[in-house]
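Asks: Sequences are here, hints too, so could you generate the full structure?
So for the sequence shown, the working numbering puts the first residue at 744; every next one is plus one.
In case anyone wonders, no lab produced these hints; they're calculated from the structure. Careful, some of the hints might be misleading.
[Stated by the list, open to error] Distance ranges between label pairs, derived from CB positions: (1) Gln882 with Ala926: 54 to 60 Å; (2) Asp814 with Ser880: 19 to 25 Å; (3) Phe789 with Leu1030: 43 to 49 Å; (4) Leu1076 with Ile896: 30 to 36 Å; (5) Asp884 with Glu1113: 49 to 55 Å; (6) Leu1021 with Ser880: 30 to 36 Å; (7) Glu1113 with Leu1030: 32 to 38 Å; (8) Ala815 with Leu1021: 30 to 36 Å; (9) Phe1010 with Ser968: 36 to 42 Å; (10) Ser880 with Ala1092: 33 to 39 Å; (11) Asp846 with Ile1102: 32 to 38 Å; (12) Ser880 with Ala815: 22 to 28 Å.
Using N, Cα and C, we set each Cβ at its ideal position, and we do this for glycine too.
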Amino acid sequence: MIYPLLPIFLSSVLGAGPAVIGLIEGVAEGTASVLKGFSGYISDRFHKRKGLILAGYGLSALTKPFFAAADAAWQVLLVRFTDRVGKGIRTAPRDAMIAESTDRAIWGKAYGFHRAMDTLGAIVGPGLAFLLMWALSGQGDDRYRWVFLAAFIPGLVAVCLILFALKEEPFKSATKFPGLRLAGFGRSYKMLLLVVAVFTLGNSSDAFLLLKAQDVFEQAGISGSMIPVLIPLIWLTFNVVYSAVSMPAGILSDRIGRKETLLIGFFLYGLIYLGFALAGSTLVVWLLMAAYGVFYGLTEGVMKAFVADLSPEEMKGTAFGFYHATDGISRLLASIMFGVLWQLFGAAAAFLFGAGLAIVAAFLLWNFCEEPSTATHPSAT
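Replies: Here's what the structure looks like:
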């Protein structure tokens, strides 16, 4: 509910520019991502996942009301950082638990299903945000704050579900845990981290896509009061497509391979960012956001399945920790660079930079990452 409105709240209500928004998103995502490495390690070391997952979702839920109280960009930075610390604590243990709870033959399907369900919440959230922003249109800027307060409720529901419904499987591996180091992983896993780092340097915060949409809507003559209502809808469009594509893409990766599925996604991303660099009409922006949902569906769950393929049983949490930390640190740099490029040279230059790095990452993935022979299962259903 909060995410699609936050960049508009920062720019329109608090007066923050692209560079400040990039700094907020980058610091929040990047710094908190370091925790993903440690939380994955801790969950492997002590063979406990649920407690970390509960703590992470609980912390994120508690931050939601504080967005409503923010009166300056630096306050949003602090709250956003704390929210992402919660994500940093929960993400790697959660992803490891998914691998431990499902058969290897359907890991692509399992992670695709997870992304589809996660995105279903991201569909309902913007839908509720749209309704609230429309219903509270007479409240002016205060309507943002009411939406931020309402976001606490689904967070509380998630915490209750984890506390009372989530069951943790007993740890199965008898192999001694080797510790927090890359030496226990093969060459392909390490090369995959390099691919993630390069690609993510060109994949900044999605807040910039929403800022671009705002710019195009303004140039099209859409009233300033309507834009905050439309932004949740365009984010809803992205999430509907993302949710619909995630599970079929996971099944596809189980059949044809992770690399092939990811390559399709990387090339599509390059085309999408090229489109955003040139976009000048509202229709094009809507179509690009839908295509962006296809990209996410092709890559998010599949990349996690690839990480699971390339990591030893006793180091799943650590493997996801390194992956998320690499992604987050690169996203920190990406968001800062994107914001600076936008402010100095315009939005087109920033989007073209991202498109170029996607092609470089695709080249590295194709030439240097090998899938294990058991990673694909033509008989998987």
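Asks: Within 22 to 28 Å or not, the Cβ separation of Ser880 and Ala815?
Replies: Holds: the Cβ-Cβ distance is about 25 Å, inside 22 to 28 Å.
Asks: If I claimed the Cβ atoms of Phe789 and Leu1030 lie 43 to 49 Å apart, would that claim hold in this structure?
Replies: holds (47 Å)
Asks: Is the hinted range of 30 to 36 Å satisfied by the C-beta distance from Ala815 to Leu1021?
Replies: Cβ of Ala815 to Cβ of Leu1021: about 35 Å, so the range 30 to 36 Å holds.
Asks: Starting from the range 19 to 25 Å, see whether the pair Asp814 and Ser880 falls in it by beta-carbon distance.
Replies: holds (22 Å)
Asks: Do the Cβ positions of Gln882 and Ala926 conform to the proposed distance bound of 54 to 60 Å?
Replies: For Gln882 and Ala926 the Cβ distance comes to about 57 Å; the hint holds.
Asks: Per the hint of 33 to 39 Å, is the separation of the Cβ atoms of Ser880 and Ala1092 within bounds?
Replies: 35 Å Cβ-Cβ, so the 33 to 39 Å window holds.
Asks: Could one say that the CB atoms of Leu1021 and Ser880 fall in the range 30 to 36 Å?
Replies: Between Leu1021 and Ser880, where Cβ atoms are some 33 Å apart, the hint holds.
Asks: 32 to 38 Å was suggested as the range; check whether the CB atoms of Glu1113 and Leu1030 agree with it.
Replies: Once the Cβ atoms are compared, 36 Å apart, the range 32 to 38 Å for Leu1030 and Glu1113 holds.
Asks: Quick one: are Asp846 and Ile1102 within 32 to 38 Å, going by C-beta?
Replies: For Ile1102 against Asp846, whose Cβ atoms are near 35 Å apart, the range 32 to 38 Å holds.
Asks: Asp884 and Glu1113, beta-carbon distance inside 49 to 55 Å?
Replies: Check passed, 53 Å falls within 49 to 55 Å.
Asks: Lying within 30 to 36 Å: is that true of the beta-carbon distance Leu1076 to Ile896?
Replies: holds (35 Å)
Asks: Using the beta carbons of Phe1010 and Ser968, state whether their distance is inside 36 to 42 Å or not.
Replies: holds (39 Å)
Taken one by one, the earlier hints all hold for this structure without exception.
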